[in-house]
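K.L.:
So you can see what is in the structure, the chains are spelled out below.
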Amino acid sequence: MKILVCISHVPDTTSKISFTDNNTKFNNAGVQYIIGPYDEYALSKAIDLREAGGGSVTVINVGEADTEPTIRKALAIGADDAIRVNAFPKDANFVAEQIAAVAKSNTYDLILMGRESIDFNGGMVHGMVAELLGLPSISPIMKLEINGTTATMSKEIEGGKEVVECNFPFVAGCQEPIAEWKIPNMRGIMSAKSKPLAVLEPVASEEVVKLLNFETPKPKGACKMIDPATPEQLFDLLRNEAKII
Amino acid sequence: MATLIKKIKGGEFVIKATDAADIAIPEERTEEQKMMADMGRDFLNTEVIPILDRIDKQEEGLMQSLLDKAGELGLLGISIPEKYNGFGKDFNTSLLITEVVGAGYSFAVALAAHTGIGTLPILYFGNDAQKDKYLPKLATGELKASYCLTEPGSGSDALAAKTKATLSTDGTHYIITGQKMWITNAGFADVFIVFAQVDGDKFTGFIVEKGDGLTLGNEEHKMGIKGSSTRQVFLNDCKVPVENVLGQIGKGHLIAFNILNIGRIKLAAAALGGCKRTSMLSIQYAKERIQFKQPIANFGAIQHKLAEQAIQIFTCESAMYRAGADIQAAEEEYVAAGKSYEEALLAAAQDFAIECAILKVAGSEVLDYVVDEGVQILGGYGFSADYPMDRAYRDSRINRIFEGTNEINRMLTMDMFFKKAMKGELDIMGPAMAVQKELMAIPDFGADEDELFVAEKKALANMKKALLMGAGAAAQKFADKLATEQEVLMNLADIAILIYMSESVLLRAEKLISQRGEAACSLFVDIAKVYLNDAMDKVNVAGKNAINSFATGDEQKVMLMGLKRFTKIAPLNTRDARRRIAAKLIEAGTYPF
Ligand SMILES: Cc1cc2nc3c(=O)[nH]c(=O)nc-3n(C[C@H](O)[C@H](O)[C@H](O)COP(=O)(O)OP(=O)(O)OC[C@H]3O[C@@H](n4cnc5c(N)ncnc54)[C@H](O)[C@@H]3O)c2cc1C
Numbered sequence: 421m422k423i424l425v426c427i428s429h430v431p432d433t434t435s436k437i438s439f440t441d442n443n444t445k446f447n448n449a450g451v452q453y454i455i456g457p458y459d460e461y462a463l464s465k466a467i468d469l470r471e472a473g474g475g476s477v478t479v480i481n482v483g484e485a486d487t488e489p490t491i492r493k494a495l496a497i498g499a500d501d502a503i504r505v506n507a508f509p510k511d512a513n514f515v516a517e518q519i520a521a522v523a524k525s526n527t528y529d530l531i532l533m534g535r536e537s538i539d540f541n542g543g544m545v546h547g548m549v550a551e552l553l554g555l556p557s558i559s560p561i562m563k564l565e566i567n568g569t570t571a572t573m574s575k576e577i578e579g580g581k582e583v584v585e586c587n588f589p590f591v592a593g594c595q596e597p598i599a600e601w602k603i604p605n606m607r608g609i610m611s612a613k614s615k616p617l618a619v620l621e622p623v624a625s626e627e628v629v630k631l632l633n634f635e636t637p638k639p640k641g642a643c644k645m646i647d648p649a650t651p652e653q654l655f656d657l658l659r660n661e662a663k664i665i
Numbered sequence: 016m017a018t019l020i021k022k023i024k025g026g027e028f029v030i031k032a033t034d035a036a037d038i039a040i041p042e043e044r045t046e047e048q049k050m051m052a053d054m055g056r057d058f059l060n061t062e063v064i065p066i067l068d069r070i071d072k073q074e075e076g077l078m079q080s081l082l083d084k085a086g087e088l089g090l091l092g093i094s095i096p097e098k099y100n101g102f103g104k105d106f107n108t109s110l111l112i113t114e115v116v117g118a119g120y121s122f123a124v125a126l127a128a129h130t131g132i133g134t135l136p137i138l139y140f141g142n143d144a145q146k147d148k149y150l151p152k153l154a155t156g157e158l159k160a161s162y163c164l165t166e167p168g169s170g171s172d173a174l175a176a177k178t179k180a181t182l183s184t185d186g187t188h189y190i191i192t193g194q195k196m197w198i199t200n201a202g203f204a205d206v207f208i209v210f211a212q213v214d215g216d217k218f219t220g221f222i223v224e225k226g227d228g229l230t231l232g233n234e235e236h237k238m239g240i241k242g243s244s245t246r247q248v249f250l251n252d253c254k255v256p257v258e259n260v261l262g263q264i265g266k267g268h269l270i271a272f273n274i275l276n277i278g279r280i281k282l283a284a285a286a287l288g289g290c291k292r293t294s295m296l297s298i299q300y301a302k303e304r305i306q307f308k309q310p311i312a313n314f315g316a317i318q319h320k321l322a323e324q325a326i327q328i329f330t331c332e333s334a335m336y337r338a339g340a341d342i343q344a345a346e347e348e349y350v351a352a353g354k355s356y357e358e359a360l361l362a363a364a365q366d367f368a369i370e371c372a373i374l375k376v377a378g379s380e381v382l383d384y385v386v387d388e389g390v391q392i393l394g395g396y397g398f399s400a401d402y403p404m405d406r407a408y409r410d411s412r413i414n415r416i417f418e419g420t421n422e423i424n425r426m427l428t429m430d431m432f433f434k435k436a437m438k439g440e441l442d443i444m445g446p447a448m449a450v451q452k453e454l455m456a457i458p459d460f461g462a463d464e465d466e467l468f469v470a471e472k473k474a475l476a477n478m479k480k481a482l483l484m485g486a487g488a489a490a491q492k493f494a495d496k497l498a499t500e501q502e503v504l505m506n507l508a509d510i511a512i513l514i515y516m517s518e519s520v521l522l523r524a525e526k527l528i529s530q531r532g533e534a535a536c537s538l539f540v541d542i543a544k545v546y547l548n549d550a551m552d553k554v555n556v557a558g559k560n561a562i563n564s565f566a567t568g569d570e571q572k573v574m575l576m577g578l579k580r581f582t583k584i585a586p587l588n589t590r591d592a593r594r595r596i597a598a599k600l601i602e603a604g605t606y607p608f
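Protein chains in written order, with this note's numbering: chain A, 421 to 665; chain B, 16 to 608.
Same shape as in the complex, but just chain A:
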């Protein structure tokens, strides 16, 4: 079984978010980068599947050279080899086209990734990759079992659970508890340096989205306390200051 796992290189969840260049660029000064947490679940699942049924796990990241520590972390966790498409991941469509191009020239039985990245949280790449490859796409899956070349997956839906069956190959967006999160061990860390990491140049891609600028949410205003003895003051503030009633 050949599995491709797509990983994003994202700011740590505790990062302070700010922007530079007239609010057109993310300010990465002092920011720690990690593998997208949902992607890491996908990777853990892929490794479990390989351990149980053999095969190989390749990780792919669309990113510039500074993402290589993140890629090597994935190798340390247990991927066999890695591909970096040497380009800034401008938007979901661009990333999906790059992944699809790689997937076209290598046949994978499964293409797994997180349900969404945690920087832009678009949750679109799995669907787009599947569309470009003409494959089914399922997301967000929380359970995945393989029987021969058929996978049984389950996902939560409003008020219940949906169980889906699908033949290889397909694309899936994963989330916990699909697999147990894996801490890389010493052997993994030490072997990460020597595992293959191929760098490919990006394929041409039409620009369909333009990023104009970023905005941070308005800071929360100070809280106003109202004396319970004067409820009319509350109505006054809601009507005349907040203008919501």
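For the record, the hints were derived by calculation from the structure and aren't laboratory data.
Among these hints, one or two may not hold up.
Said to hold, decoys possible - Result set (DSS-like, lysine-lysine): computed pairs, CA atoms no more than 27 angstroms apart in a straight line:
id: 1; chain 1: B; residue 1: K98; chain 2: A; residue 2: K644
id: 2; chain 1: A; residue 1: K640; chain 2: A; residue 2: K445
id: 3; chain 1: B; residue 1: K98; chain 2: A; residue 2: K638
id: 4; chain 1: A; residue 1: K613; chain 2: B; residue 2: K302
id: 5; chain 1: A; residue 1: K436; chain 2: B; residue 2: K302
id: 6; chain 1: A; residue 1: K615; chain 2: B; residue 2: K84
id: 7; chain 1: A; residue 1: K640; chain 2: B; residue 2: K599
id: 8; chain 1: B; residue 1: K49; chain 2: A; residue 2: K602
id: 9; chain 1: A; residue 1: K436; chain 2: B; residue 2: K98
id: 10; chain 1: B; residue 1: K308; chain 2: A; residue 2: K563
id: 11; chain 1: A; residue 1: K613; chain 2: B; residue 2: K308
Following the hints, complete the assembly by docking chain B with the ligand onto the known chain A.
P.N.:
Relative to chain A, chain B with the ligand alone:
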């Protein structure tokens, strides 16, 4: 390959200045080291921190299973060579892992006892057969180790142990009888490194396996590290095959003391891990706790505490990784000169035994400061056993006691210093004479001190002069009775510690500036300056106490004047500097450096 140059010898910091370029700083870690540190942190956060209460209750089998998990990740084999199932990582990497795991309260103690005093005697003093037999299983955690030196009647005076070992009549076994006290990991250990007297007075190490003749006392009731197993070990006609003699008969003291050098710097590393976690918890609480309608982090008194925690941590960390890299450089030099990996690290740690003792004291006292203020920042909640500061506070206290009490380590610091001087390994005569001359000369009023760190470097050089002056005079006065003048030795050791810390933090800030530019390093400058500023006053007090205890008349006058001159430092607005540091801590919500 570039030839390795040992930049500085152990203890030489007292008489020599070091270039910032020649020290190692934690910011220079490799990607692999960072990944290993993340591994340790992830392990603590997922496996240990969520179950601290269960660990402290010593739930049956829990600590062993955690050590097994740590073994699966490779955390027990960091310093063990690859041919014995370990990872053969360098010394600074092992310090880094010790630091990270050091945030794990009782678990950290169990792990450190296993990988340190439990495993290292076999690694460094075992023969090939002993290493083949034990190291691979110690590296994975399949076997768990403990170290039995202390006895009810011998603690600091470890060589006075009474446990005896007698060769059996057929010459195949030693029969060991005696009682060991305070043995960490005893409750579940498979391997016990036991020290006993052969023929009454030949202090010798043995590898003893659990079995007939070895029984355990009950778990001790302790103030802290309650999750760590601590028991007495009774040896009652315990038969140990002669193959299990560790090192040579009568040379057990070499094992006991050499392992301690490494243990001491590692204790500082572990303490730093605890410090950083406590700093984080302090900052988070201070940001959340509202009093007088605002977070207490807004208050200057609290900001002072948060900043001072960080200043102490950053400084001690600078000294620890600096010494670690010096030890590693010396080790590499010994390897290049033909020594084995094991011999080389031991010899290197012995060279830097002064620094190791200094770090043991500094690390444990910084941790005690940090947890004490941690409790204070949490107020009543700091005193509550349902909040995390209670455990941090209680668990910290043991560090000033084991691996040689801080009194013993202070005395050792000066004892080794004088011994090195006597043996001619450390030339203190020249510099001491220069200080004498300077005492008689007109004071130098300093030239251009506006440039960064020029004034601080001069202050540092002066601190060293204060030590040389005090140590020189004490040595002359007391000659061979100096060892019994403990109060003076304590004072002098305090000054030596302050010098090593001040120099290390200054050099780290300087090196960071050379890499990142001054603008990006303003807080490092603040940290270094505040530390040095306060250290100067502490040197002054310690120096006065020393001088006034043995000098009189003109000699006393001249020395006190000299001390005053040597501890002068330009005024610094430490309040503003600490506020700037605190602002960064509060913004980051954690210890950020
Ligand atoms: C929780 C815990 C775990 C431990 N784990 C281990 C272990 O795994 N293996 C092991 O072998 N030991 C272990 N120890 C023992 C520990 O190393 C000793 O407790 C320590 O060395 C001090 O010895 P002591 O308790 O006998 O104190 P003492 O030596 O009696 O010291 C009492 C006080 O007198 C001071 N003092 C002693 N001698 C002098 C002197 N010459 N000059 C000035 N002051 C002096 C000391 O500094 C101290 O303040 C552990 C202890 C504890 C509490």
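K.L.:
Straight-line Cα separation of K640/A and K445/A no greater than 27 angstroms?
P.N.:
holds, 23 angstroms
K.L.:
Has the given pair, K98/B with K638/A, been kept, meaning a C-alpha gap of at most 27 angstroms?
P.N.:
Not OK: K98/B and K638/A at ~59 angstroms, beyond 27 angstroms, violated.
K.L.:
Hinted pair, alpha-carbon criterion (27 angstroms max): K613/A, K308/B. Please report holds or violated.
P.N.:
Violated, at roughly 53 angstroms.
K.L.:
Measure nothing beyond the straight line between the CA atoms of K308/B and K563/A; if it is 27 angstroms or shorter, mark the hint as holding.
P.N.:
It is violated: about 48 angstroms lies between the C-alpha atoms, which goes past 27 angstroms.
K.L.:
Between the alpha carbons of K436/A and K98/B, is the straight-line distance 27 angstroms or under?
P.N.:
With Cα atoms ~45 angstroms apart, K436/A and K98/B exceed 27 angstroms; violated.
K.L.:
Please verify whether K615/A and K84/B have alpha carbons no more than 27 angstroms apart.
P.N.:
holds, 25 angstroms
K.L.:
Are the Cα positions of K436/A and K302/B separated by 27 angstroms at most?
P.N.:
holds, 16 angstroms
K.L.:
Is the hinted pair K49/B and K602/A satisfied, with a Cα-Cα distance of at most 27 angstroms?
P.N.:
Status holds; Cα separation ~17 angstroms.
K.L.:
Please work out if K98/B and K644/A have their alpha carbons no farther apart than 27 angstroms.
P.N.:
violated, 67 angstroms
K.L.:
Check whether the Cα positions of K613/A and K302/B lie no farther apart than 27 angstroms.
P.N.:
violated, 41 angstroms
K.L.:
Is K640/A within 27 angstroms of K599/B, Cα to Cα?
P.N.:
holds, 21 angstroms
Of the numbered hints stated above, those contradicted by the structure are hints 1, 3, 4, 9, 10 and 11, listed in ascending order.
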